[in-house]
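One-letter residues, chain by chain:
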Amino acid sequence: MIEVNNLCKSFGGAKKSLFKKKESPVIALDGLSFTANDGEITGILGPNGAGKTTCLRTLYGLLKADGGSATIDGINVVDNPLAARARLGIFPDKFGLYERLTAYEQIDYFASIHGLTGNAKHQAIEAVINDLDMTELAHRKTLGFSQGQRMKVTLAQALVHQPKNFVLDEPTRGLDVMSTRVLRNYLARFKEKGHCILFSSHVMQEVAALCDRVIIVANGKLAAQGTPKELCELAGEVQLEEAFVKIIGSDEGVAA
Amino acid sequence: MIQFKALLSKELKEAFRDKRAMMMAMTMAVMAPVMIFAMSKVMIKEAVETPAIYFKISGAEYAPKLINALKDENILLFKDVPSNKRAIWDERNLTLTIPETFNENMLDGKPIELYLSADYSDKANLSPVRRIKNTIMHYARAIGYKRLLVRGIDVRLLQVVKIIEQDTSLPNSNAMIISMMLGLYVLMAAFMSGLPVAIDTSAGERERNVLEMLLCQPVSTVKIVSAKLCCASLIACIGVLLTLSLTTFSVGFIDLTKIGASFSLDAFTISALILLLLPICFFASALQLFVAFQSKNFKEAQSMVSMIIMLPAMVPVVMMFVDDKPKWLDWLPISGQSLIMEDLFKGLPVSWALIGFTSLVTISMTIILVLLMAKKLRSETVVLALS
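Protein chains in written order, with the numbering used here: chain V, 185 to 440; chain H, 756 to 1142.
Simulated from the structure, these hints should not be mistaken for laboratory data.
Heads up, some of the hints might be wrong.
Not everything, but these chain V residues come out facing chain H in the computed CB check (under 7 angstroms) [said to hold, decoys possible]:
hint, residue
1, LEU247
2, LEU266
3, ALA270
4, PRO276
5, TYR282
6, ARG284
7, TYR288
8, SER296
9, ILE297
10, THR301
Distance condition first, Cα-Cα at most 27 angstroms in a straight line; then the derived DSSO-like pairs of lysine-lysine [to be verified]:
hint, chain 1, residue 1, chain 2, residue 2
11, V, LYS413, V, LYS430
12, V, LYS348, H, LYS1054
13, H, LYS978, H, LYS1054
14, V, LYS305, H, LYS811
So the derived label-pair ranges between C-beta atoms look like this [said to hold, decoys possible]:
hint, chain 1, residue 1, chain 2, residue 2, range
15, V, GLY328, H, LYS1082, 51 to 59 angstroms
16, V, VAL262, H, ILE1123, 19 to 27 angstroms
17, V, GLU320, H, ILE1123, 44 to 52 angstroms
18, V, LEU266, H, ILE1123, 52 to 60 angstroms
19, H, ALA1022, V, ASN260, 34 to 42 angstroms
20, H, LYS760, V, GLY328, 46 to 54 angstroms
21, V, ALA304, H, VAL789, 37 to 45 angstroms
22, V, ARG368, H, LEU767, 32 to 40 angstroms
23, V, VAL262, H, MET1069, 41 to 49 angstroms
24, H, VAL785, V, GLY252, 55 to 63 angstroms
25, V, GLY252, H, LYS1082, 49 to 57 angstroms
Note that the Cβ used here is the ideal one computed from N, Cα and C, for glycine as well.
Chain V with its partners taken away, still in its complex shape:
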């Protein structure tokens, strides 16, 4: 379970230096609150620059919020970051690969960091490699991998330790149709097992098909939340895309 409570974050403008004039800060998060429950897939929607990635980064402790709190399974990410991160599987927005390691070694590395050892580790790696259909890639060095292949490796290293909570920042960008389907099935399976899945996306069909609940973020604030159906009803549209545009576009009336 992931809970975000009244999160605030702004960049720049905090420091006044001798040579620069004080710039007005960019407010990325302005009191965002939401909850992603166990056994549900929660989607975060929002236009570019709405604060989705900032919010997710705060969740995995890369950024420190100016105000508010975030908890993972009840553990505050600021007070006890290591314990909180141990319960997370992360697919970040910016990711790179260790290009001198093979895909297998890389997944192995992250599995070890999460404390897996010996046979259990080996089985976990084999399982995730099979699930994501990347047996052929496993023992190649990751230098020269295509975008989709890189995504798969990153996904595999996020999922290998079977975390209770997933935080995925646009996990399907660059994936081909087959891989997207594999990922969707994968996420659905974890949902059945009672895991909490939070992901951001720009693909409306995907969100509509996959998500139990949708959170719409605009200007660092919660604009609306509910099931896709509820959102459509709220905006009085049939398609989620139309509803989304309407909710974002007119923050008076609808979102109130």
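Got chain V; can you put chain H on it based on the hints?
Quick look at chain H alone, frame taken from chain V:
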């Protein structure tokens, strides 16, 4: 522990698979024997031989015996210069003027004034001028002594005070320059060898967006930093050990006895050196990692870290000019090590306690750097390279 092992093994795998970085790391080591060999060859040649000097003269006919005395010391007249060296000696323009009255004053026992003109600021002229002066002085003194003797005066009357010099430096000290160079060189090797790995693992990883991913994992930053430090300093240690062993091997081929020097790297010296240099490897890598993490991108890291290399080159040189060295210089990293190494190469007794203490200071400074870095890595400005 599982985490640290995984971190370290990944760092090592990456480092050793980076062929270019490894090559750069080992160049220093491979260059060492070549440099030592070439430098000592040149130095021995300069010290042993007395190459011919050609000087211009006016009034040679007034003092043929003096000219002969000079000739015995391989100091020759400009008219005899071989054509291929003519231009060089013409430019140096060493001129000796012998006055017309040479013979007359000699007979009368009056002082004779010879004029030696040369550009004294030209380093190439130093040794010729010195040799010419010495030869003429010797010649003159011999005549002076004879004058006193024929008058029945004991020449020892001239020596009112006689200083008996006792040089307490050991025979090894003559190899000073070689050992100074070697000391400087191994310090440089400690800084250079780990450099490519240190930059790649810090600023490089951040630029490739893998550091961010790692920092989102449930692993303490102290572990991350120490794994990176261990890896970079291990490479630095390998570089230093390789430099030392290749140097020991190559010094055997140089005949230092010609200049009356002996230079040996025996088991004691080597073990003391290793004890001195290993902490420096850690300190150097920690410093490089620290600066690389501080800089905003890979390029900035490269140029900033290159400046750190100036440290081992500059500190010993600066210390040569400090005559009364304050005690704390013995304890600081780099300066302490270079002072102890100087004593070690001179063959002076070195106290193990001092070596231990210097190493201790170096290691504790390394630990402080590690903790500082670990703290930095928890702040978003460093992780995301925000200004």
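Q: Provide an ascending list of the numbers of those earlier hints which the structure does not satisfy.
A: Structure breaks hints 7, 12, 14, 18, 19, 20, 21.
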